[in-house]
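Visitor: The listed protein sequences derive, respectively, from chains A and B. Taken in order, the first sequence gives residues 1 to 289; the numbers are from this note's numbering. Taken in order, the second sequence gives residues 1 to 164; the numbers are from this note's numbering.
Simulated from the structure, these hints should not be mistaken for lab results. For every residue, glycine included, the Cβ atom is placed at its ideal position computed from N, Cα and C. Check before you lean on any hint, since a few could be wrong.
Short derived list, chain B residues pointing at chain A, Cβ under 8 Å [claimed, not checked]:
id : residue
1  : Thr11
2  : Asn13
3  : Ala16
4  : Glu20
5  : Pro23
6  : His46
7  : Gly47
8  : Gly50
9  : Lys59
10 : Arg62
11 : Cys64
12 : Gln66
13 : Ala69
14 : Thr113
15 : Gln131
16 : Ala132
Stretch by stretch, here's where chain B covers chain A in the computed footprint (C-beta under 8 Å, at least three residues) [what the hints assert, rightly or not]:
id : segment
17 : 51 to 65
18 : 166 to 177
19 : 272 to 285
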Amino acid sequence: MKPAAFAYHRPASLEEALSLLAVHGAEARVLSGGQSLVPLMNMRILSPAVLIDINRCRELAYIRREGGMIACGALARQGEAEASGLVAATLPLLASALPHVGVRASRNFGTLCGSLAHADPLAELPSVAAALEARFVIASARGRREVGAEAFFVSALTNCIEPDEMLAEVRFPVAAAGARTAFLEVANRGHGFAVAGVAATLEVDAAGRCAGVRLAAMGAGDTTVRLAAAEALIEDEGLSAAAIAAAGEAARAAVEPTADVHASAEYRAGLIGVLVGRALRAMAAAGPR
Amino acid sequence: MSRARVTVRLTVNGRAYVREVEPRYLLADFLRHELGLTGTHIGCEHGVCGACTVLIDGKTGRSCLQFAAALDGASITTVEGIAGEGPLHPVQEAFHEAHALQCGYCTPGFLMTTIEFLAANPDPTRDQIRQALTNNMCRCTGYLNIIEAVEDAARRLRAQEGGA
């Protein structure tokens with residue numbers, strides 16, 4: 001299994017990378033960590049004629065606070081985010097999901113933006129981005145635009161990036177004071193694709209009541225899915241055992257998972273319902289972080 | 001389709017190399033075929049099995065998922081480089097003593113994973129070891145002897161550290 005030949009470009013700046021994309025975009029792929037792209041090239045599922053290696057565009061290597069947002073450039077590695085004190089302090093949901101992403105050897109190189117752009121419905125980061133209402137900054141020589149998760153994730157392995165564009169940055173809102181989070185997934189083994197999972201955040205008011213909940217599921221269909229019916233139920237009825245049970249049932253009914261060798265669609269849907277219940281109970285029981 | 005070769009400069013096990021390679025040439029193939037360093041084994045070639053794990057600028061990476069050309073300027077350590085010309089590395093000794101290999105195909109990858117893991121976590125729990133080893137697959141041993149070898153390697157490295 002060896003990749004097909006390609007023309008290799010190594011731009012030194014984002015501007016140069018975008019110029020190359022403007023010329024070669026339709027037949028090009030962007031290489032950052034390569035942990036999703038290179039397996040596909042080795043298996044010749046993808047054979048791009050041109051590879052644009054952005055690893056020398058050092059201006060994209062950052063994780064930094066900008067007002068109420070944490071901005072992560074296209075070269076922010078998953079392992080760097082995992083080790084980042086800033087991420088631990090401001091994005092507890094992302095911090096708790098990262099150890100589930102691939103393995104140490106892949107997180108050392110794989111980037112946050114790369115995993116998001118890969119848009120695998122069984123990957124962790126898309127659900128984290130959906131639950132946190134992250135913003136995707138898409139750049140091209142024509143300019144920049146910003147979209148949310150609903151627009152970014154189109155279907156399995158398909159995002160909304162046009163051929164001459166690339167994902168330059170992802171922006172996560174800093175967690176509200178006292179926000180509680182849960183990331184739960186079930187997988188057949190520590191390394192490898194999950195069967196299903198849930199990313200969740202909960203805000204609680206001074207009286208201890210739910211002031212907002214966001215739930216996103218992975219393994220729920222072609223893309224990560226926000227579980228709007230379950231969220232509405234909790235926001236209307238609070239965190240009683242009955243409301244949590246009803247939210248789990250609403251989540252199960254709302255998702256349309258696919259079946260594969262690891263799990264049937266029914267099992268995945270049932271599992272998402274169970275994980276929603278567990279996430280809500282864990283967040284209800286937790287004090288402010 | 002471009003077949004143009006590009007220049008790659010890599011330091012491997014402390015020695016500098018300059019080669020002209022096709023951009024699609026994977027680091028694993030570069031190590032084995034260009035440099036004759038066949039200790040790095042190739043298993044699945046899509047980042048799952050861990051057999052080809054090496055240290056790239058001190059961090060474990062799958063050499064089957066890295067283009068050599070893209071690593072221009074990097075420093076690589078393979079299994080040939082961990083003990084130099086001297087006796088076995090403490091992690092190698094521990095794997096030897098615990099019978100943590102049968103066919104040995106996966107072993108170089110396990111050694112590299114273990115070296116990085118124990119450097120970050122010198123006194124791990126058994127569960128932490130099991131989690132760290134999800135990086136790598138072994139089809140012979142059933143893993144138990146490997147887990148014991150990593151525990152023993154941790155003791156050896158701590159003793160070395162303490163005695164140094």
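Visitor: Does each hint hold? Answer for all of them.
Guide: For each hint, the structure was consulted:
| no. | hint | result |
| --- | --- | --- |
| 1 | Thr11 | violated, 17 Å |
| 2 | Asn13 | violated, 19 Å |
| 3 | Ala16 | violated, 20 Å |
| 4 | Glu20 | violated, 13 Å |
| 5 | Pro23 | holds, 3 Å |
| 6 | His46 | holds, 4 Å |
| 7 | Gly47 | holds, 5 Å |
| 8 | Gly50 | holds, 7 Å |
| 9 | Lys59 | holds, 4 Å |
| 10 | Arg62 | holds, 6 Å |
| 11 | Cys64 | holds, 7 Å |
| 12 | Gln66 | holds, 7 Å |
| 13 | Ala69 | holds, 6 Å |
| 14 | Thr113 | holds, 7 Å |
| 15 | Gln131 | holds, 6 Å |
| 16 | Ala132 | holds, 7 Å |
| 17 | 51 to 65 | holds (count 3) |
| 18 | 166 to 177 | violated (count 0) |
| 19 | 272 to 285 | violated (count 0) |
Of the numbered hints given earlier, the model fails hints 1, 2, 3, 4, 18, 19; all others are met.
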